[in-house]
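The whole structure should be built from the sequences, with the hints applied where relevant.
Protein chains: 2
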Amino acid sequence: MKILITGGAGFVGSRLAQRLLERGTLAGRRIETLVLADQAAAQPALLADARVQSRVGPLLDQCAALRVEDFDGVFHLASAVSGECETDFELGLRSNLDSTRALLDALRTRTEQGAPPARLVFSSSVAVFGPDPSVPLPARVADDTLPTPQTSYGTHKLVCEHLIADYTRKGYLDGRSARLMTVTVRPGRPNGAASSFFSGIIREPLAGLEAICPVSPEVSHPVSSPARTIDGLIAVFEASREALGGRTALNLPALNVRVSEMLDALEAVAGRAVRERVRFVRDERIAGIVAGWPGGATGARAARLGLQPEANFADIVQQYIADCRSAGQAETALRGLETR
Amino acid sequence: MKILITGGAGFVGSRLAQRLLERGTLAGRRIETLVLADQAAAQPALLADARVQSRVGPLLDQCAALRVEDFDGVFHLASAVSGECETDFELGLRSNLDSTRALLDALRTRTEQGAPPARLVFSSSVAVFGPDPSVPLPARVADDTLPTPQTSYGTHKLVCEHLIADYTRKGYLDGRSARLMTVTVRPGRPNGAASSFFSGIIREPLAGLEAICPVSPEVSHPVSSPARTIDGLIAVFEASREALGGRTALNLPALNVRVSEMLDALEAVAGRAVRERVRFVRDERIAGIVAGWPGGATGARAARLGLQPEANFADIVQQYIADCRSAGQAETALRGLETR
Chain W
12 MKILITGGAG FVGSRLAQRL LERGTLAGRR IETLVLADQA AAQPALLADA RVQSRVGPLL
72 DQCAALRVED FDGVFHLASA VSGECETDFE LGLRSNLDST RALLDALRTR TEQGAPPARL
132 VFSSSVAVFG PDPSVPLPAR VADDTLPTPQ TSYGTHKLVC EHLIADYTRK GYLDGRSARL
192 MTVTVRPGRP NGAASSFFSG IIREPLAGLE AICPVSPEVS HPVSSPARTI DGLIAVFEAS
252 REALGGRTAL NLPALNVRVS EMLDALEAVA GRAVRERVRF VRDERIAGIV AGWPGGATGA
312 RAARLGLQPE ANFADIVQQY IADCRSAGQA ETALRGLETR
Chain B
12 MKILITGGAG FVGSRLAQRL LERGTLAGRR IETLVLADQA AAQPALLADA RVQSRVGPLL
72 DQCAALRVED FDGVFHLASA VSGECETDFE LGLRSNLDST RALLDALRTR TEQGAPPARL
132 VFSSSVAVFG PDPSVPLPAR VADDTLPTPQ TSYGTHKLVC EHLIADYTRK GYLDGRSARL
192 MTVTVRPGRP NGAASSFFSG IIREPLAGLE AICPVSPEVS HPVSSPARTI DGLIAVFEAS
252 REALGGRTAL NLPALNVRVS EMLDALEAVA GRAVRERVRF VRDERIAGIV AGWPGGATGA
312 RAARLGLQPE ANFADIVQQY IADCRSAGQA ETALRGLETR
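Protein sequences appear in the order of chains W and B.
For the first sequence, the residue numbers in our numbering are 12 to 351.
For the second sequence, the residue numbers in our numbering are 12 to 351.
Be aware that one or more of the hints could be misleading.
[Unchecked claim] Covered stretches of chain B, as calculated for chain W (at least 3 residues, CB under 8 Å):
id, region
1, 135-146
2, 163-177
[Stated by the list, open to error] List of simulated lysine to any residue pairs, SDA-like, C-alpha gap at most 25 Å:
id, chain 1, residue 1, chain 2, residue 2
3, W, Lys181, B, Pro225
4, B, Lys181, W, Lys13
5, W, Lys181, B, Lys181
6, B, Lys181, W, Ser145
7, B, Lys181, W, Pro142
8, B, Lys181, W, Leu102
9, W, Lys13, W, Ala238
10, W, Lys181, B, Leu157
[As the list claims (entries may be wrong)] Chain B stretches covered by chain W per the calculated footprint, using a threshold of three residues with CB under 8 Å from any CB of chain W:
id, region
11, 216-226
12, 257-267
Since the hints were derived computationally from the structure, they do not count as laboratory data.
Every residue, glycine too, gets a C-beta built ideally from N, C-alpha and C.
Here's what the structure looks like:
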């Protein structure tokens, strides 16, 4: 089968690609070709695999070519992130709405020409939820909580969920929307996401660097590790429509954790000196965006697919440390780690 | 003030225009100019008023010109209807999504150039609600019921609600979305809306014609008269943001009525012979679309704005008869009416 990952050079996309290549199959079929579309080239380690093709350029520009190409499966991960969308409204519309619409219409064109509908998993986000004066936000948002997004990013994700559900209803594709929790710990540099600090306050101290936490230690947030997030995307792809239980989006599993608990876990795993590299300096812009996000989430439909959140945040910190070691990056990424 | 009505040559748009001209003011300000944009020219009676301008052509083509024009208020009513969207997917996307996006971006352009945000009322629809396997539909949908639309029309309306909320949050406009119930009794010919028969089964028998009801007499539906619908649009325009209670859409008042009760009311007002002109011939396509709509609705936020539904369906039939008489159309439109 032939698979497309949009955002295939990104953090989640690269890991998903690596995992699919290791598995070799998806939904019981052999993966022959894995196309990674992104603004940047795919990672060299992935490109070394003969099954991998890298397509570089804005997704919006790539979609015309997709109209004459058959994919059996698509993971649509490409997206401008929340902070970017708040500072550049047009970028958000183009990257998140127009690109998704172009992708859906490319897939529709193929089915109108007689191709079977491609299966598509869309990475939506817990950011579809937010507090509106007309609708109090529950402490933990569920699959069927009314989404009232308070950011452009969340609005775009919700709009795409509904377009995908309608294209699916019409038989143009077999779409499924999974709401990702905040994926942490992300390696590398901070990105434009307002949620970036949820990784930074773990990643930077482990690398021996000071980190700034822009929100109160009492802020609670639904998070997930990279590995569990990718498990979730694959399970949602492989599920039957009956098991999914509807065309609406479902929440992926969440570990609901306060910033203070994240830092307690960091200290338990890495020591007090590491934790003390985190300083609290409130950033009103970031804190304002985060205040519009739910403090926790539940994932009842994901649980029925066999998906569970991590048991505790220390497991997530350990997973990050193990990943850095296996990637041969311990010398820099874990420079600040105490020997205990 | 200068007001734009998109869909200003349509049934609701024309009546709204007439009402605004009669009032002379909106939200306490004098109406100087009323622009009626539509695919067809505005009604001659409206055009006779010096305040009225008619703009003819697809809304999508008109929006470029709107980027250099200031409106104080917009009623965005233009839309492809539900039946059309089900049979022509691209038409629905273009008429309902792309046109709304172009309108919102035209208004955004003006505020980015320093104009105050225009107030905009969007006519959303009770069709945003539908039964999804993951979410049981309540017997009566409320303002905060989770919308899971089961038609492209309902999907487009919901998507536009969320875009308008986000453009409003950003300060590009002051948008309010009001979900219209099925407006009945519409005069004239059946249109492409799947809900068209809700008017036809009253209008045709009164005109002495046979009418086909394509669904069971047990089907229940939330309806509203033209007059109450226009009251609702104006009240939502005039309300303060605080009174609206949030940026999410609100339901306009609904009279929840079964087809059999509509016919009972027709008989009570117009006599048995009139009622007997309605025959039941099931149409699976129409019945399928209608089965995806809620059987009733509540409007708690509208009630807090002082808006109430009609007390009974006989009042709606009487309103239609009075309208035909005052428009001088009794001879044809009420040809079938028994003298009682």
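Results for each hint:
no., hint, in the structure
1, 135-146, "holds (count 4)"
2, 163-177, "holds (count 8)"
3, Lys181(W) / Pro225(B), "holds, 23 Å"
4, Lys181(B) / Lys13(W), "violated, 41 Å"
5, Lys181(W) / Lys181(B), "violated, 33 Å"
6, Lys181(B) / Ser145(W), "holds, 18 Å"
7, Lys181(B) / Pro142(W), "holds, 16 Å"
8, Lys181(B) / Leu102(W), "holds, 14 Å"
9, Lys13(W) / Ala238(W), "holds, 23 Å"
10, Lys181(W) / Leu157(B), "holds, 21 Å"
11, 216-226, "violated (count 0)"
12, 257-267, "holds (count 4)"
The earlier numbered hints that this structure contradicts are 4, 5, 11.
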